[in-house]
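Student: What follows is the residue order along each chain.
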Amino acid sequence: MSEMMVRLKSRNNLIVTQMVVTGLTVIVGMIFGIIMLLVQGGMIEAMPATFYQFLTIHGTFMIGAAALAATAIMWYFLSHYVELSKKILKINLVLFIIAAVMVTVGTFSFEYAGAWTFLYPLPALSASAWGTIGALFYLIGMLVMGVGFLLLFIDSGRAIIKKYGSLGKGLGWDVIIGKKAEKDAPPPAVVASTMVTIVNTTALLSGSTVLIMNIINVINPAFTFNPLLAKNLTYAFGHIFANATIYMGVIVVYELLARYTKRPWNSSRVFLVFWTMSTFFTLLVYPHHLLMDSVMPRWMLIMGQVLSYANGLPVLVVTAYGALMIVYKSGIKWDMASGLAYLSMLGWTIGVIPAIVDSAIVVNHVMHNTKWVPGHFHMYMGLGVIAMTFSFMYFLAKNDNGLKETMVDKTAFFMYMFGLIGVSGSFLTSGAISTPRRFATHLPEWMGPAQFGAVAGILVVIAITIFVIHFIRYISVRNKGNIGSDYYDKKLA
Amino acid sequence: MKQTKLGILLYVILIIPPITTYMESIMLVHMLIQFPLLILAGWLIGEWVLERWPYHFLKWDANGIAGIILVIFITTYWMFPRAMDESLTIWHIELFKFISLPLVGILLRNSWRKLTIIGRSFVFLNYLSMFGLMGWFYIDSPVQICNNYLEIEQQMLGWGFVVITGIMIVYVLQKCFISGTKSNVNQI
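So the sequence lines, in the order shown, correspond to chains C and F.
Position 348 of the first sequence, counted from 1, bears residue number 348 in this note's numbering, the numbering being contiguous throughout.
Position 57 of the second sequence, counted from 1, bears residue number 550 in this note's numbering, the numbering being contiguous throughout.
Bound conformation, chain F alone:
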């Protein structure tokens, strides 16, 4: 249960008002640090959740596909600039953020290990192209997309996405050309 405690601690830190306000004041930190940390908190808490309700996850997400589809939907929603913008001005959207993103973490923990190697690769490559697109979108957009953030901030966020895409490409290359072993690709 060490992970669960860490997850709860992380979650509590993230909802402390000054920390929340500070993180949300910078677009890049909001999207690329707060969001992933909320997902991480959920993933850590997932240790307890999955142990507590194993039957439900087995019944509703036996092969990981249902969970990962939900993960994709929620994360795609949070990549919309409008969703991020509204979380700053509408309290129930903010509340939804603090519930949905940890939920993504829990679902991810359950689904990822159940997915086949093809499923995992497909999801990973899907996010790779999606992050590349988001980078381009935020850098190249001719208008201010969010009311709460300046154009320069959205460009910084765009470059953040580009860096993440670059890291993902390097990861894929080392996985396919260097660390490929017979053991990690057995499933179809």
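For reference, chain C alone in the conformation it holds in the complex:
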């Protein structure tokens, strides 16, 4: 085996390991989600304290897993264009696992249940539901996770600057202003990675600041801080970090559809302008999480509302339209990878609508504390980001050693799609009938949609288990077959 092929195999090994960790984390996270719906639906009983521990672990695991998977997608495709550090990727994975263990210990051994948003001063003010150690395990765990991701984005920023000269050029600003021709524009994977590098570095710095502040407050509650600033920093981290997962995940759509249709997906000037717009807007829209905080400066609330309309749409439109155009009359042969990539566009497109509705201040005052909001992000993340993740897994399995898909996989695809539509639909319905979110106990009138959501969730877990089994099958046979059979890999070799 040539040296280059060994390098490719080692790169793919790392990505495969990361995707396995992701897949298993998603399954565990979803099981906790289903248990919560069963509790809310009155089908099983659990103490409210236990429910909130499940809520905490579910949110943390799902966002963490989405971020881990999305960074794997970004890293894999970006490494075709720039030279990234495998060591850093490995460090990130190790830190992620350490963090996951710390979070789990904090939540289940020390009963921390302050949700993944760790909103100040909740970690310190638990009314004796949990103590200092539990909160510290959780908060320091999150900090460790942040360190790993920060290193990863420093590395991607370094590599992009090395190849293209600056992050601005990575976003194609020299093409936008006409200094360079469109044909010389950075590829979509680089543009998306640059955007994510910028916004996530900012988010992680905000997050680390507010995490350390929370840690100080937990250790010595005499040190209090401005809760409004804390909330701003928390959402400047939480919103951006969660939102950025889709901007990393979408790279698989760009790369995969271009390969399947054998048509290039180039970065046009409009494409570059829209990605730049999304870079700025993603950094600025987080105040839509604070629309109910009447003490927020009015201009920030208006900015939160207006830019929320403008944020997702440019990239979504240019990507969805691009996806339709690249497939049109291309003679593409549909399989699980391309099917899931296309499904993710559906999830993204539909999932963003309830969010845009909720970002209107007048609607937000009524809907924000209802299950309408989980309805949005379960569709957006579940049918969007997670579908991109599994699309990437199927792509790797097929691309790396041509593992064949079976009828079971195809059945799982539909189970996944209808299951997640069911889960999201049940949340949206709950929101429409004013069911509050984050409530362990439901009134009988609220239980119907929760029961339906739980059953739909079981379908999703079965489907995802089938996806993961397919991926594990791929791992077990990959050493026997060819690796790195990808066109770009061949070119590299």
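In case anyone wonders, no lab produced these hints; they're calculated from the structure.
The beta carbon of each residue, even a glycine, is placed where N, CA and C say it ideally should be.
Don't take each hint at face value.
What the hints assert, rightly or not - Okay, derived cross-link-like pairs now, BS3-like style, lysine-lysine, Cα gap no bigger than 30 Å in a straight line:
(1) C:Lys-162 x F:Lys-607
(2) C:Lys-163 x C:Lys-183
(3) C:Lys-87 x F:Lys-552
(4) F:Lys-668 x C:Lys-183
(5) F:Lys-552 x C:Lys-86
(6) C:Lys-87 x F:Lys-668
(7) C:Lys-90 x F:Lys-607
(8) F:Lys-607 x C:Lys-163
(9) F:Lys-668 x C:Lys-179
(10) F:Lys-607 x C:Lys-87
(11) C:Lys-163 x C:Lys-179
(12) C:Lys-86 x F:Lys-668
(13) F:Lys-668 x C:Lys-162
(14) C:Lys-180 x F:Lys-668
(15) F:Lys-552 x C:Lys-90
(16) C:Lys-163 x F:Lys-668
(17) F:Lys-668 x C:Lys-90
(18) C:Lys-86 x F:Lys-607
Claimed, not checked - Computed footprint of chain F on chain C; a stretch qualifies when at least three of its residues, placed anywhere within it, have a C-beta under 8 Å from a C-beta of chain F:
(19) 148 to 157
(20) 210 to 221
The hints should help you fit chain F onto chain C, whose structure is shown.
Tutor: Below, chain F alone, put in the same frame as chain C:
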């Protein structure tokens, strides 16, 4: 050896009692001027130290990580309000300050050039968020943190940290968006 002489001169100036007393009488000057000047003095003296004992630095801090960890620990310690407060009332803490901060300068000089670009960026961003936090901490603290300084002084110090954080952000932006060249990012 010009730098070493400058460093020694700076150090001598900083330990002259009236100058020390004056600098320590204002919280902002104590933390944001005296501390960095002591580090600068150490950094300048480091020219001679590194030349005199190159083998030791090669052996104990080959990749810069050991040194930078020590730098982070010492500087973090000196960011604690209590440490600064005690340096005014307990003589051996004051002595420790005049030894540890120049040591930070020497270690920094050795470690910084050995760190990879990722290591340097990580340390820089770590300090960026830490300074932002310290700014917030000193401005927003509802109590007088130091016995030797008034609340208004700690707020001034907090704003000092905020200004430094702002400058660091501007530096990062120009580095990433304007001055990024292929030559300065070659290392992984």
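Student: For the pair we were handed, Lys-163 (chain C) and Lys-179 (chain C), check the Cα-Cα distance against 30 Å.
Tutor: holds, 17 Å
Student: Compare the distance between the alpha carbons of Lys-86 (chain C) and Lys-668 (chain F) with 30 Å, and conclude whether the hinted pair is satisfied.
Tutor: Measuring from Cα to Cα gives roughly 24 Å; hence the hint holds.
Student: Given the hint that Lys-668 (chain F) pairs with Lys-183 (chain C), test it: the Cα-Cα distance must not exceed 30 Å.
Tutor: At roughly 26 Å apart (the allowed maximum being 30 Å), Lys-183 (chain C) and Lys-668 (chain F) satisfy the hint.
Student: Are at least 3 residues of the region 148 to 157 of chain C within less than 8 Å of chain F when you compare beta carbons?
Tutor: holds (count 5)
Student: Could you grab the alpha-carbon distance between Lys-668 (chain F) and Lys-90 (chain C) and see if it respects the 30 Å cut-off?
Tutor: Holds, at about 27 Å.
Student: For Lys-552 (chain F) and Lys-86 (chain C), compute the direct alpha-carbon distance and say whether it is at most 30 Å.
Tutor: It holds: about 26 Å lies between the C-alpha atoms, which stays within 30 Å.
Student: Holds or violated: Lys-668 (chain F) with Lys-179 (chain C), Cα cutoff 30 Å?
Tutor: holds, 21 Å
Student: Does Lys-668 (chain F) sit within 30 Å of Lys-163 (chain C), going by the straight-line distance between their CA atoms?
Tutor: Given that 30 Å is the threshold and the Cα spacing comes to 15 Å, the pair holds.
Student: Tell me if chain F covers the region 210 to 221 of chain C under the three-residue, 8 Å CB rule, please?
Tutor: Held - the region 210 to 221 of chain C has 3 residues with a Cβ nearer than 8 Å to chain F, which meets the minimum of three.
Student: Checking one constraint from the list: CA of Lys-90 (chain C) to CA of Lys-607 (chain F), max 30 Å. Satisfied?
Tutor: Answer holds: Lys-90 (chain C) to Lys-607 (chain F) is near 22 Å, not above 30 Å.
Student: Assess, step by step, whether the Cα of Lys-87 (chain C) is no farther than 30 Å from the Cα of Lys-668 (chain F), and give holds or violated.
Tutor: holds, 24 Å
Student: Can the restraint linking Lys-163 (chain C) and Lys-183 (chain C) be considered satisfied, given a maximum Cα separation of 30 Å?
Tutor: With a Cα-Cα distance of about 17 Å, the restraint between Lys-163 (chain C) and Lys-183 (chain C) holds, given a limit of 30 Å.
Violation of the numbered hints given earlier is absent; every hint is satisfied by the structure.
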